[in-house]
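**Q** So you can see what is in the structure, the chains are spelled out below.
2 protein chains.
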Amino acid sequence: MINQQWHLVSRPTGEPTPSNFKLVEATVPDLQDGQVLVRNHYMSLDPYMRGRMNDGKSYAQPQPLNAVMQGGTVGEVVASKNAAFQAGDKVVAPGGWQQYFLAEAAQLPMMRKVDASQVPLSAYLGAVGMPGVTAWVGLVTIIEPKAGETIVVSAASGAVGAVVGQLAKARGCRAVGLAGGPDKCKAVVDEFGFDACIDYKQHPDLKSLSAALKDACPKGIDGYFENVGGITLDAVLQRANAFSRVAMCGMIAGYNGEPIPLLAPQLILVNRMKVQGFIVSEHMQHWPAALKELGTAVATGKLKYRESVAQGIEAAPEAFIGLLKGRNFGKQLVKLV
Amino acid sequence: MINQQWHLVSRPTGEPTPSNFKLVEATVPDLQDGQVLVRNHYMSLDPYMRGRMNDGKSYAQPQPLNAVMQGGTVGEVVASKNAAFQAGDKVVAPGGWQQYFLAEAAQLPMMRKVDASQVPLSAYLGAVGMPGVTAWVGLVTIIEPKAGETIVVSAASGAVGAVVGQLAKARGCRAVGLAGGPDKCKAVVDEFGFDACIDYKQHPDLKSLSAALKDACPKGIDGYFENVGGITLDAVLQRANAFSRVAMCGMIAGYNGEPIPLLAPQLILVNRMKVQGFIVSEHMQHWPAALKELGTAVATGKLKYRESVAQGIEAAPEAFIGLLKGRNFGKQLVKLV
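In order, the protein sequence lines correspond to chains U and Y.
Going by my numbering, the first sequence opens with residue 1, and the numbers climb by one from there.
Going by my numbering, the second sequence opens with residue 1, and the numbers climb by one from there.
By construction, these hints were calculated from the structure, which means they are not laboratory data.
Among the hints, a few may not be true.
Chain copies aren't distinguished; within one or between two, either way the pair holds.
In silico SDA-like links for lysine to any residue, alpha-carbon gap of 20 Å or less [claimed, not checked]:
no., residue 1, residue 2
1, Lys207, Glu258
2, Lys219, Gly56
3, Lys214, Gly56
4, Lys219, Ala60
5, Lys207, Gly56
6, Lys22, Val9
Could you build all of it, start to finish, from the sequences and the hints given here?
**A** Okay, here's the thing in structure tokens:
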């Protein structure tokens, strides 16, 4: 059985290009005792993958060269020689950029069965998956919002940002988003229920962005969920209230190039702020509570999300490059089945 | 009775100069019911005072112009029309840059009696006072050191820094200081018991300072007590371990001029760090525990400190300007009696 898979064949300098990837045809080997074979239905594309394509120091091992691109997937078990899984089980898995994922026994703890009757299977890669839990952990455990506070989120139309704002609203906060372009901003307010959304493309300099934040946050900023880096953080610090909290989740603005300095770090002291970086996989103790709230909210229609779905495995690199440029709207997926 | 006092008469741009201050002769008014008159024995000079000389947004009200410079003092009650204090009481007070402090009833909660039999009176402005408690709060409640970790402190020979390192040592940590010049570095190791001290004047650029930190911290940095800002924080971030903590207490490097950018803020995310600013007066709940540990440690000779003592009220502005330039060694005081 043929298994098409994308390998990383060279490390990008700056923006990735299609030539960094190669589509390889492998053969699915015969199943051994203890193994499970999964057919991937959807692949998840995420900004963190750009960081792993570098060889430098980071919180995770680099993506190896000439090996399948790593990433989350949802799919269906098609064959199993392990009592924990049966053919027909729907699963979330670290299945990678390929059509079939052969899970070794040692990988099974990273694979979990999901119920696709109440929640669409693809949502387990988004609002009820890693992005949703990322939003929950950063907001609930680092920002710790209190009713009446103002919470700002960058990349607010994205898979993480949209959930942050909706969870903040559910906790009685004012939610203010930043997104690129009028269509995304409209959806952030009309679909996701934020109180306001700033089109950062209309505010390319710090002074203008800071003024827009002042307008949107008349009581200042109490919490900021950081997905982008760059001047957005500078502007937020100018509007931050005493004892405000910043959850640093992503700094996509800096992934492709040189670090972007923080202009006035003394504001962290002046405002007695807490700025804390985190990655969701190091907060496993919070996943059950997060998934419970997120799954219920999606199943009952209270938590909205959008998906950008690329069709077919061939589309993965271009979709990933587009994701890094902000061309997606909501969770970026690749549909394989 | 004549009361010599220093007024701030103009706001400095950049470094303060003697012309920003004016020595004024006032008269001590007659004591009214409820008031207490204190003769100041020592005045405390502190870096935070420079920040308050600005008119901009900060965590405290600016120092008013044409009014007595605010600041902590220790002294002796010389007259009292309030049952809570008697002549002869030794007190810590917000007595300001003057010879006599007339405390209104409303100010008495900020004044406390101290026992000068076990601990020298001046130490209540240093190791057993605001600087010592600052060290305790930042280290114990923000850095939360664990035995075996490496804790780095800037301005390590100063009133705060020297205490940070000694408290870290008492908790089983490796303590590494940064100080200016070989004499201060020698004292940090020989007198205060740090494991190592880096002379930052020998490392004027980031690469050199980062290499020095690597040598002094072979297991990386788990906690950093920030007293200075500038490239020291950049260098620390390059050597910071996963889950390390930065307590931001002072950024003296930026007080006199433009903000100094933080070069690579994404390291806060990469290292999943917590960076938190604080001011000690907002953590009053910790003062009793801190003062108990600090007072016992000074009384039993376990906690060492140094003082730079300027003589006479006339000397205050020059001593303050010298403090900002790092000319002091340990707690900067002005002795009045």
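**Q** With reference to the structure, classify each hint as holding or not holding.
**A** We went through each hint and held it up to the structure:
Proximity of Lys207 and Glu258 under a CA criterion of 20 Å is satisfied inter-copy only: 17 Å between copies versus 22 Å inside one chain copy. Taking identical chains as interchangeable, the C-alpha atoms of Lys219 and Gly56 lie at most 20 Å apart only when they sit on different chains, with a minimum of 19 Å there against 40 Å within one chain. With identical chains, the CA atoms of Lys214 and Gly56 are at most 20 Å apart between copies only, with a shortest distance of 17 Å across copies and 37 Å within one. Proximity of Lys219 and Ala60 under a CA criterion of 20 Å is satisfied inter-copy only: 19 Å between copies versus 38 Å inside one chain copy.
In this assembly of identical chains, Lys207 and Gly56 lie within 20 Å of each other by CA distance solely across copies; the values are 17 Å between and 34 Å within a copy. Taking CA atoms no more than 20 Å apart as the test, Lys22 paired with Val9 passes inside one copy only; the shortest distance there is 6 Å, against 71 Å between copies.
Hint check: no violations occur; every hint is consistent with the structure.
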